[in-house]
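Trainee: Residues per chain, in single letters:
Number of protein chains: 2
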Amino acid sequence: MTDIAMIEAARQRMNGEAIRTPLMSSPFLDEIAGRKVLIKPECLQRTGSFKFRGGWSAVSALEPEVRKRGVIAFSSGNHAQGVALAASLHGVPAVIIMPRDAPKIKIENTRAYGAEVVLYDRANEDRDAIGATLSEERGLTLIRPYDEPLVIAGQGTVGLEIAEQAQEAGIEKAEVLVCCGGGGLTSGVALALEAKAPGLKVRTAEPEHFDDVARSLASGKIERNAALSGSICDAIITPQPGNITFPILKRLCGAGIAVTEEEALRAMVLAFQRLKIVVEPGGAVALAAALFHGNELETDSVIAVASGGNVDSAIMADALSKYA
Amino acid sequence: MTDIAMIEAARQRMNGEAIRTPLMSSPFLDEIAGRKVLIKPECLQRTGSFKFRGGWSAVSALEPEVRKRGVIAFSSGNHAQGVALAASLHGVPAVIIMPRDAPKIKIENTRAYGAEVVLYDRANEDRDAIGATLSEERGLTLIRPYDEPLVIAGQGTVGLEIAEQAQEAGIEKAEVLVCCGGGGLTSGVALALEAKAPGLKVRTAEPEHFDDVARSLASGKIERNAALSGSICDAIITPQPGNITFPILKRLCGAGIAVTEEEALRAMVLAFQRLKIVVEPGGAVALAAALFHGNELETDSVIAVASGGNVDSAIMADALSKYA
Numbered sequence: 001m002t003d004i005a006m007i008e009a010a011r012q013r014m015n016g017e018a019i020r021t022p023l024m025s026s027p028f029l030d031e032i033a034g035r036k037v038l039i040k041p042e043c044l045q046r047t048g049s050f051k052f053r054g055g056w057s058a059v060s061a062l063e064p065e066v067r068k069r070g071v072i073a074f075s076s077g078n079h080a081q082g083v084a085l086a087a088s089l090h091g092v093p094a095v096i097i098m099p100r101d102a103p104k105i106k107i108e109n110t111r112a113y114g115a116e117v118v119l120y121d122r123a124n125e126d127r128d129a130i131g132a133t134l135s136e137e138r139g140l141t142l143i144r145p146y147d148e149p150l151v152i153a154g155q156g157t158v159g160l161e162i163a164e165q166a167q168e169a170g171i172e173k174a175e176v177l178v179c180c181g182g183g184g185l186t187s188g189v190a191l192a193l194e195a196k197a198p199g200l201k202v203r204t205a206e207p208e209h210f211d212d213v214a215r216s217l218a219s220g221k222i223e224r225n226a227a228l229s230g231s232i233c234d235a236i237i238t239p240q241p242g243n244i245t246f247p248i249l250k251r252l253c254g255a256g257i258a259v260t261e262e263e264a265l266r267a268m269v270l271a272f273q274r275l276k277i278v279v280e281p282g283g284a285v286a287l288a289a290a291l292f293h294g295n296e297l298e299t300d301s302v303i304a305v306a307s308g309g310n311v312d313s314a315i316m317a318d319a320l321s322k323y324a
Numbered sequence: 001m002t003d004i005a006m007i008e009a010a011r012q013r014m015n016g017e018a019i020r021t022p023l024m025s026s027p028f029l030d031e032i033a034g035r036k037v038l039i040k041p042e043c044l045q046r047t048g049s050f051k052f053r054g055g056w057s058a059v060s061a062l063e064p065e066v067r068k069r070g071v072i073a074f075s076s077g078n079h080a081q082g083v084a085l086a087a088s089l090h091g092v093p094a095v096i097i098m099p100r101d102a103p104k105i106k107i108e109n110t111r112a113y114g115a116e117v118v119l120y121d122r123a124n125e126d127r128d129a130i131g132a133t134l135s136e137e138r139g140l141t142l143i144r145p146y147d148e149p150l151v152i153a154g155q156g157t158v159g160l161e162i163a164e165q166a167q168e169a170g171i172e173k174a175e176v177l178v179c180c181g182g183g184g185l186t187s188g189v190a191l192a193l194e195a196k197a198p199g200l201k202v203r204t205a206e207p208e209h210f211d212d213v214a215r216s217l218a219s220g221k222i223e224r225n226a227a228l229s230g231s232i233c234d235a236i237i238t239p240q241p242g243n244i245t246f247p248i249l250k251r252l253c254g255a256g257i258a259v260t261e262e263e264a265l266r267a268m269v270l271a272f273q274r275l276k277i278v279v280e281p282g283g284a285v286a287l288a289a290a291l292f293h294g295n296e297l298e299t300d301s302v303i304a305v306a307s308g309g310n311v312d313s314a315i316m317a318d319a320l321s322k323y324a
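First to last, the sequence lines map onto chains A and B. Mapping of the first sequence onto full-length UniProt numbering: position 31 corresponds to residue 31, and the numbering continues sequentially without gaps. Mapping of the second sequence onto full-length UniProt numbering: position 216 corresponds to residue 216, and the numbering continues sequentially without gaps.
Honestly, I wouldn't trust all of these hints.
You can't tell identical chains apart in this list, so a pair holds if it fits in one copy or across any two.
Keeping only pairs whose Cα atoms sit at most 27 Å apart, straight-line, the calculated DSS-like set for lysine-lysine is [said to hold, decoys possible]:
hint : residue 1 : residue 2
1    : Lys173    : Lys104
2    : Lys104    : Lys322
3    : Lys36     : Lys104
4    : Lys221    : Lys322
5    : Lys196    : Lys36
6    : Lys173    : Lys322
7    : Lys68     : Lys322
8    : Lys250    : Lys201
9    : Lys196    : Lys68
10   : Lys173    : Lys68
11   : Lys104    : Lys221
12   : Lys221    : Lys201
Worth flagging that the hints you see were computed from the coordinates, not collected in a lab. The structure presented is a predicted model; accordingly, all values stated were derived computationally and were not measured.
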């Protein structure tokens, strides 16, 4: 199981390969939120999302003999790119299983990072079964997107940085809003903050109608989403919280927050205008929660993770025309 | 005159107020350029450009008695915002003189940072005369956008960071491409690199038809632009290099590079797609030089400063529809 020592070991193995993203702010966003808002822009991470951290953590921890046979992953896109680049930088093959309806730019990018992409139908095919078969045939190591302790440890390095940067900014008490799909980033950050900055409490952010984590936190047991597609926040749509991640979330996180698609798109546009960062809708739900759900927040300062930036340019252009 | 001690003193006075922007890269950009390209994204700096550094440096260095009367600046927008926020954070008034045709977002932002904005006509009015009169009337200290040693020292902190980050990345020899208007950023970076990383050589980047610096470097004396407006790269259009900055540029910089407007817009779109950063056209000319003017470059690695991100969203949406 992931603990603070594993997270610190993951950071050691990264050794400068991941960007230490800054903590950003804007008086314009503070005014909208009615409180101090700090943003951790993991969209600026290599491959455009925090997923590079988990991918690197998992690939770098493999025994060389095992690693050289290659790795396999399934992902709506960001984990795909993270694992693909991590494998490529280690000089080993990567096979990525992606849903056929993933944004085109994510499929193209994954291929461009040198991975072999296998497409599947999100509604009718079982990605786990496809992954298991391919792993066995080729001797590939499966790198799960969130229910994998080494991946959680890699994502937890975001939490180590937040703990340090909050301290530098003089912030001892704050809610840390994290865009939550399967819970890998959220659980990693929560574990890091538990050890390093206990005054910082994690809250999850999700799109409405896909708020399995918020409902699971409320009921105390794993709840599923009714639909598995149909959200513009594709990056963070998962059937349910992970079996490994959920107990961590349950122990360490406050109540979950669900935002509308329009709120996510408005947050994306505000991040463009005020922070000069490109955030995808699913990566903007935590900022949307910070800006538009103040009545559900308790602290004077909040820290929102902008988790990814792999948005199709047509979606951004459309949102700019509507909300800028 | 600005020297390395002044630049280091400026960094001391900043004391965490400015973001230490990361050094970014993308294999996609390396492939286009045919060499390693590192990007210093100062568009992520507070107020959306490096100008906050110079503004902070100048305001923070004033005697308290002088500072409390307030400051005045003229600017097409980015210097305006940098000085406005620096003054606001010091709790002193700022008057900003801006051209009437500056992008609307820059005028609005400058007002929102608490400054009083005075508009003038770029073609028919003398901004220096307006500034001098107002300074005298109210006892304001004029903060020039580039021909001011304390401002150059503040911008030079970008160079200190580049020197450190290039060393961390194992890069000893590279050309450092800097978007150049009046030469404040360029001369500050050049002075910092001369002292801290002599293997890094500064090259200037400008839009074609407004390449006064490149022509001045070629002839060895200050040359003027024929036009003073009409470029989409509004942020870096100045009549001529500064009297203080030009001797520094002449001593330390290689030949200047001029890029087309289309190249600047394409670089802006590639920065959006591949780095997830929002760069304005004038802030993208150095990246454009790195990507599209390889035949004018000499080193295997280049570092391009993305100097500002205050672009109107309509311009970005239009560029995305054309070039993404």
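Trainee: Confirm or reject each hint.
Mentor: Each hint tested on the structure:
1. Lys173 to Lys104: neither (40 Å within a copy, 37 Å between copies)
2. Lys104 to Lys322: both (23 Å within a copy, 18 Å between copies)
3. Lys36 to Lys104: between (36 Å within a copy, 26 Å between copies)
4. Lys221 to Lys322: Neither: 39 Å inside a chain and 49 Å across chains, both beyond 27 Å.
5. Lys196 to Lys36: within (21 Å within a copy, 36 Å between copies)
6. Lys173 to Lys322: Neither: 36 Å inside a copy, 46 Å across copies.
7. Lys68 to Lys322: This pair counts as neither: shortest intra-copy Cα distance 48 Å, inter-copy 42 Å.
8. Lys250 to Lys201: Within. Shortest intra-copy distance 12 Å satisfies the 27 Å Cα cut-off; inter-copy 54 Å does not.
9. Lys196 to Lys68: Cα proximity of lysine 196 and lysine 68: none, with 35 Å in one copy and 40 Å across.
10. Lys173 to Lys68: So lysine 173 and lysine 68 fail the 27 Å test inside a copy (44 Å) and across (33 Å) alike.
11. Lys104 to Lys221: neither (35 Å within a copy, 51 Å between copies)
12. Lys221 to Lys201: within (20 Å within a copy, 60 Å between copies)
Of the numbered hints listed earlier, those contradicted by the structure are 1, 4, 6, 7, 9, 10 and 11.
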